[in-house]
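Student: Sequence:
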Amino acid sequence: MTAEIINLNKVRKARERADREREAHENRLKYGQSKSERGLVDAQHRKSQSEIDGARREDNRADEDADDIDPNTAS
Numbered sequence: 001m002t003a004e005i006i007n008l009n010k011v012r013k014a015r016e017r018a019d020r021e022r023e024a025h026e027n028r029l030k031y032g033q034s035k036s037e038r039g040l041v042d043a044q045h046r047k048s049q050s051e052i053d054g055a056r057r058e059d060n061r062a063d064e065d066a067d068d069i070d071p072n073t074a075s
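Numbering (my numbering), first residue to last: 1 to 75.
Incorrect hints may appear among the rest.
Beta-carbon label-pair distances, calculated as ranges [stated by the list, open to error]:
(1) GLN49 to ARG22: 37 to 47 Å
(2) LYS10 to ARG56: 54 to 64 Å
(3) TYR31 to ALA55: 32 to 42 Å
(4) ALA3 to LYS30: 36 to 46 Å
(5) GLU51 to ARG12: 50 to 60 Å
(6) LYS13 to ALA55: 54 to 64 Å
Note that these hints are calculated values from the structure, not bench results.
All figures in this text were calculated on a predicted structure; none of them were measured in a lab.
Quick reminder that beta carbons are idealized off the backbone N, C-alpha and C, glycines included.
Let the hints inform the model, and build the full structure from the sequences given.
Tutor: Structure, rendered in structure tokens:
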């Protein structure tokens, strides 16, 4: 009638690990996005970024102004 010897640290760590995994699973269900939702958000982001890039203007004035200034005559 000998009792089984167990390591209490291993039992405690296993219980804590299981609790963390359970909590992570609950958070994924509560706050996570489905794959289709992530795809939709990504597509919207790419579309808006493409519209912004398409509306961007080239600014050539900065290059022209830099050539007109003579550092020896500027005061």
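Student: Compare the structure with the hints numbered earlier in the document and write down the numbers of the violated ones, lowest to highest.
Tutor: Hint check: nothing fails, all pass.
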